Amino acid sequence: MTIPLSHYLAVSAALFSIGLFGALTRRSAIIVLIGIEIMMNAANLNLIAFWRYSDGTRATGQLFTFFGITIAAAEVAVGLAIVISVYRLFQSTNVNEISDMKK
Amino acid sequence: MWGTGVLKGMAVTIKNFFDTYTSKNGIFTVEYPEKRLPEKERFRNFPILVYDEKPEELRCVACDICAKECPPKCITIVKAKDAQGKPLKQPEVFDIDFTVCMNCGICEETCPFDAIYMDHEFELAEYDRMDALIYKKERLSRPWTHFEKIRPTDAKEINERRAKDATKTAAAVKPAPPQASNQQT
Amino acid sequence: MLDPRFRGSDIKECMENLDQIFVQAKRTVMNLAESVLPQPLVLLVSMLISIGVIAAIGPVIMMYLTWLERKVVGRIQNRIGPNRVGKFGLLQPIADGIKMLTKEDIVPEGADHILHFLSPVLVVVPALLVLGLLPWGRNMAAVDLQVGLLLFFAITSTGTLSIFLGAWGSRNKFSLLGALRAVAQLISYEIPQVFSAVVVIMHTQTISIVEIVNAQPGFNWFVFTPWGFTGLVLFYIASVAECNRTPFDLPEAESEIVAGFHTEYSGMKFALFYMAEFLQVFSLSALAAALFLGGWQGPFLPSWIWFFLKTYGLIFIMLWFRGTFPRLRVDQLMGFAWKFLLPMSMINIVVVGIWTYASPIVAWVLGILIIAISFGVLAKLNTRYHIERNRKFILAE
Amino acid sequence: MIAAFYLISVVLIVSAVLAVSLRNLIYCTLCASVVFISSAALFFLLKADFIGVVQILIYVGAVATLLLFAVMLTKNLVSRQYYVGQKRKWSYGIFTASAVLWVLIGSIRSQTNLAELVTADHQLSVVSLGKEMLTAFLLPFEVASLLLTAAMIGGIVIALEEKKKSS
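So the sequence lines, in the order shown, correspond to chains A, B, C and D. Quick note on numbering: my numbering labels position 2 of the first sequence as 2, and the sequence is numbered without any gaps. Quick note on numbering: my numbering labels position 172 of the second sequence as 1172, and the sequence is numbered without any gaps. Quick note on numbering: my numbering labels position 44 of the third sequence as 2044, and the sequence is numbered without any gaps. Quick note on numbering: my numbering labels position 135 of the fourth sequence as 3135, and the sequence is numbered without any gaps.
Warning: the hint list may mix true and false statements.
Stated by the list, open to error - Subject to a maximum C-alpha distance of 30 Å in a straight line, what follows is the list of computed DSSO-like cross-link-like pairs (lysine-lysine):
id: 1; chain 1: B; residue 1: K1035; chain 2: C; residue 2: K2071
id: 2; chain 1: C; residue 1: K2026; chain 2: B; residue 2: K1008
id: 3; chain 1: B; residue 1: K1089; chain 2: B; residue 2: K1015
id: 4; chain 1: B; residue 1: K1024; chain 2: B; residue 2: K1136
id: 5; chain 1: B; residue 1: K1156; chain 2: B; residue 2: K1086
id: 6; chain 1: B; residue 1: K1040; chain 2: B; residue 2: K1149
id: 7; chain 1: B; residue 1: K1149; chain 2: B; residue 2: K1174
id: 8; chain 1: B; residue 1: K1081; chain 2: B; residue 2: K1137
id: 9; chain 1: B; residue 1: K1073; chain 2: B; residue 2: K1089
id: 10; chain 1: B; residue 1: K1040; chain 2: B; residue 2: K1137
id: 11; chain 1: B; residue 1: K1089; chain 2: B; residue 2: K1024
id: 12; chain 1: C; residue 1: K2012; chain 2: B; residue 2: K1015
id: 13; chain 1: B; residue 1: K1068; chain 2: B; residue 2: K1137
id: 14; chain 1: B; residue 1: K1137; chain 2: B; residue 2: K1089
id: 15; chain 1: D; residue 1: K3131; chain 2: D; residue 2: K3047
id: 16; chain 1: C; residue 1: K2392; chain 2: B; residue 2: K1035
id: 17; chain 1: B; residue 1: K1068; chain 2: B; residue 2: K1174
id: 18; chain 1: D; residue 1: K3075; chain 2: C; residue 2: K2173
id: 19; chain 1: B; residue 1: K1008; chain 2: B; residue 2: K1068
id: 20; chain 1: C; residue 1: K2071; chain 2: B; residue 2: K1008
id: 21; chain 1: C; residue 1: K2173; chain 2: C; residue 2: K2099
id: 22; chain 1: B; residue 1: K1068; chain 2: B; residue 2: K1079
id: 23; chain 1: C; residue 1: K2026; chain 2: D; residue 2: K3047
id: 24; chain 1: C; residue 1: K2392; chain 2: B; residue 2: K1024
id: 25; chain 1: B; residue 1: K1068; chain 2: B; residue 2: K1156
id: 26; chain 1: C; residue 1: K2380; chain 2: B; residue 2: K1008
id: 27; chain 1: B; residue 1: K1079; chain 2: B; residue 2: K1137
id: 28; chain 1: B; residue 1: K1035; chain 2: B; residue 2: K1068
id: 29; chain 1: B; residue 1: K1081; chain 2: B; residue 2: K1054
id: 30; chain 1: B; residue 1: K1081; chain 2: B; residue 2: K1008
id: 31; chain 1: C; residue 1: K2087; chain 2: B; residue 2: K1015
id: 32; chain 1: C; residue 1: K2087; chain 2: B; residue 2: K1024
id: 33; chain 1: C; residue 1: K2339; chain 2: B; residue 2: K1035
id: 34; chain 1: B; residue 1: K1054; chain 2: B; residue 2: K1035
id: 35; chain 1: C; residue 1: K2087; chain 2: B; residue 2: K1008
Hint data in this document are derived by calculation from the structure and do not stem from the laboratory. As the structure is a computational prediction, the values presented were derived from the model and not from experiment.
Okay, chain A solo, but in the shape it has when bound (with noise of 0.2 Å):
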């Protein structure tokens, strides 16, 4: 028998929570990186799952995670060289510390 769409579904939202869970709960700022990468993850995932389900014929669903995944790397190359920038001024990642606006 083959694998029913709910359990890629299953996967992908555990995905999801625990990806969400490390953005909320960790005070490392790449901690949070890490965790809104494996949200994407989780999304891409659901996509293909999805397409593979569908007729298969239409490409939606693999062009729209090859364009998540391009996203996702700007977003990385982006929110680490803010890290790094703001590492330099606060001399600390710890997101709690990073709060008032002029040093």
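Keeping the supplied structure of chain A fixed, place chains B, C and D upon it in accordance with the hints.
Chains B, C and D alone, transformed into the frame defined by chain A:
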């Protein structure tokens, strides 16, 4: 042009690579244990004591000059004594400590009796540092023929000189009545 | 000399059998397995055969590459190279292997044990994984994926990560310096490498390596076209840099930073790093041969012999580089990748574009013209210092 | 096939949990790259080869290395600032995450017609993907390329800008 330096360099190495197979002067490594380079004649390694006929009658008269002259002092000589305790002109003990000897060849030059020469033998590895490398008289002595084989030109010169000396001493001895002749040669 | 009754067709037919000898061997084993095992296990058996063959061939290739390298570089330097252990030093790799096994495995104090242990394994995995994608002979590719070439580049790019982790795990300034240089070099040479492979993809409209090789039957390999030759040169130089080999071996530069990222590794872990490097040399040369020199395509000999001939020809060139070139400085290394290889491979893509749509004569003329001009311009731009031709030397009186 | 799916998803979930909960940042990025690789494996299982390969190439090749660089450049390797009040924060996090999870699972279970959706054995060839990308999806393609250049320039400007001010 930009890339030519690179190509010239590679041309040199590839020529070297094929030279080793084709041309004679490509590879010049001598594969040591199987093939050997002939030693030069004046090559000096550790000293040896020389005797003419019998290993007991060394040319060395235990005059101790080489022991005094030896820079690192690695030669120890004890004069032999006959039954009544009269010193003989033979070394009873002649040790050379090969760990100390630096093959300088000064003993060969200073020896007035042509008794000690530098040998060509260099594969002298031992398992034990202490007594194996302190060569006794027996291990040092070599026949004169061995010397003639390894250093023919020097041997010829020395033989001529010795023959001339022998005739001179024989002439000196002849006018004076022959007394007890010692083995002075 | 040949027996007259031995007609030409017999030779051709025997070559044909020799060509498919491994494929038939596997088929016989598979038939045997089918008769004995249930259906899902048969698939497993076929996978295991391929994996087993590659896992056996990988280390053997690596060992005899070290031997070949020491022999070739020796001969370049007018010496003989290893000939003591075994007939032509053929047992030398085995002696090295045993030496590596018996060497004590030191983990630096304060080092990160997990990373220090994990990273040699992570470095070897991509090097071995990639061997499965290569077409070793006619229908002898272990895995024939529709996205073969892209997967090849994806897997080799994961190697960068494990080098970096290894260096960080050994808590040593030299290895961290080496790793920073290695990551910078690997990333900046990956782009020209992929771009110069895009040329072949554009021409053959497929990403699967097996189809690219099929598109070069007999003798019309891609290297005999203007874009093919430049593509091979660019791809090959980029792969030399990708394996950290001689002109570009800054990451493990003995003279500057002790041994680069694998300073703190000894014994079997160092052997794994060494194996990863040589397997990458083999797989990238094999890929260059597959893309531009028509992998196993060849007129007479069995296909897999052609594969090994071409791959070892390209490997010989890499060893030849090792015997010839000094090491590049970091800025020259980076400048060469970004200011020469990358623009040159983009121009190469333009030439392939012209090649597919213009008529042959126009394509040939334009191709050679564009490549020659762009090479001249880029060379002009890249030469920073001008070597005076007739230098006047004032000798001390 | 079935066992493969469950195995990979277990690896996926476990490494995702580890990626967000470990204290040593290096191990976090390592587990994050395991997450990326296992989700690429899931893509291969779903017969989306091209996306699986792109996932490995971009996420493991570039994003993981970028994360490692970021971890190296910022000093606090082992995030030690767990002060006493930390426990409450974790409970908030777990509460919100599980609430979201419950909502998602609820929505999945409420969909009745998911069960009979069967996998079409149609495999999209990369060539058709490429064609479709440059014909039907040309606009997102151009927007994505624009965005990538903007991100590259942005990244560089942020890094460079600091150098001018401090020198």
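Structure-based check of each hint:
For the hint pairing K1035 (chain B) with K2071 (chain C), the CA-to-CA distance comes to about 21 Å; that is within 30 Å, so the pair holds. With a C-alpha separation of about 48 Å, the suggested pairing of K2026 (chain C) with K1008 (chain B) is violated against the 30 Å cut-off. At most 30 Å may separate the alpha-carbon atoms for a hinted pair to count; K1089 (chain B) and K1015 (chain B) exceed this at roughly 66 Å. As the CA atoms of K1024 (chain B) and K1136 (chain B) are separated by approximately 46 Å, the hinted pair breaks the 30 Å bound.
For the proposed pair K1156 (chain B) and K1086 (chain B), the alpha carbon gap of about 36 Å is over 30 Å, so the pair is violated. A C-alpha spacing of about 13 Å is found between K1040 (chain B) and K1149 (chain B), which places the hinted pair at or below 30 Å, so the restraint holds. Distance restraint check for K1149 (chain B) and K1174 (chain B): the Cα-Cα separation of roughly 34 Å exceeds the 30 Å cut-off, and the hinted pair is therefore not satisfied. At most 30 Å may separate the alpha-carbon atoms for a hinted pair to count; K1081 (chain B) and K1137 (chain B) meet this at roughly 16 Å.
Distance check on the hinted pair: K1073 (chain B) and K1089 (chain B) sit about 22 Å apart at the alpha-carbon level, within 30 Å; holds. For a cut-off of 30 Å, the pair hint linking K1040 (chain B) to K1137 (chain B) stands: about 26 Å separates their Cα positions. Between K1089 (chain B) and K1024 (chain B) the CA atoms are separated by roughly 56 Å; this puts the pair beyond 30 Å, and the hint is violated. Between the alpha carbons of K2012 (chain C) and K1015 (chain B) the distance comes to roughly 37 Å, so the proposed pair goes past 30 Å and is violated.
A hinted pair counts as satisfied when its Cα atoms are at most 30 Å apart, and K1068 (chain B) with K1137 (chain B) qualifies at roughly 18 Å. Distance restraint check for K1137 (chain B) and K1089 (chain B): the Cα-Cα separation of roughly 15 Å lies within the 30 Å cut-off, and the hinted pair is therefore satisfied. Distance hint between K3131 (chain D) and K3047 (chain D) is fulfilled; the C-alpha atoms sit about 19 Å from each other, no more than 30 Å. Distance hint between K2392 (chain C) and K1035 (chain B) is unfulfilled; the C-alpha atoms sit about 48 Å from each other, more than 30 Å.
Annotation: proposed proximity of K1068 (chain B) to K1174 (chain B) is violated, straight-line Cα distance about 34 Å (limit 30 Å). For the hint pairing K3075 (chain D) with K2173 (chain C), the CA-to-CA distance comes to about 15 Å; that is within 30 Å, so the pair holds. Between K1008 (chain B) and K1068 (chain B), the direct Cα distance comes to roughly 62 Å. Violation of the 30 Å bound is thereby established for this hinted pair. Restraint check: the Cα-Cα separation between K2071 (chain C) and K1008 (chain B) comes to about 22 Å, which is no more than 30 Å; the hinted pair holds.
Restraint check: the Cα-Cα separation between K2173 (chain C) and K2099 (chain C) comes to about 27 Å, which is no more than 30 Å; the hinted pair holds. Taking the CA atoms of K1068 (chain B) and K1079 (chain B), the gap is about 14 Å. The hint holds against a cut of 30 Å. For the hint pairing K2026 (chain C) with K3047 (chain D), the CA-to-CA distance comes to about 27 Å; that is within 30 Å, so the pair holds. Using a Cα cut-off of 30 Å, the hinted pair K2392 (chain C) and K1024 (chain B) is violated, with the two alpha carbons roughly 38 Å apart.
For a cut-off of 30 Å, the pair hint linking K1068 (chain B) to K1156 (chain B) stands: about 28 Å separates their Cα positions. Between K2380 (chain C) and K1008 (chain B) the CA atoms are separated by roughly 19 Å; this keeps the pair inside 30 Å, and the hint holds. For the hint linking K1079 (chain B) to K1137 (chain B), the alpha-carbon distance of about 12 Å falls within 30 Å, and the restraint holds. Straight-line distance between C-alpha atoms of K1035 (chain B) and K1068 (chain B) comes to about 40 Å, which puts the hinted pair past the 30 Å bound.
Under the criterion of a C-alpha separation no larger than 30 Å, the hint pairing K1081 (chain B) with K1054 (chain B) is consistent with the structure, at around 19 Å. A threshold of 30 Å between alpha carbons decides the hint, and for K1081 (chain B) with K1008 (chain B) the separation of about 77 Å lies outside it, so the pair is violated. Distance hint between K2087 (chain C) and K1015 (chain B) is fulfilled; the C-alpha atoms sit about 25 Å from each other, no more than 30 Å. Proximity of K2087 (chain C) to K1024 (chain B) is assessed by CA-CA distance (about 22 Å); at most 30 Å being required, the pair is judged to hold.
Of the supplied pair hints, the one linking K2339 (chain C) and K1035 (chain B) is violated, its CA atoms being roughly 53 Å apart against a limit of 30 Å. The suggested pairing of K1054 (chain B) with K1035 (chain B) is violated, with an alpha-carbon distance near 34 Å, which exceeds 30 Å. Straight-line distance between C-alpha atoms of K2087 (chain C) and K1008 (chain B) comes to about 34 Å, which puts the hinted pair past the 30 Å bound.
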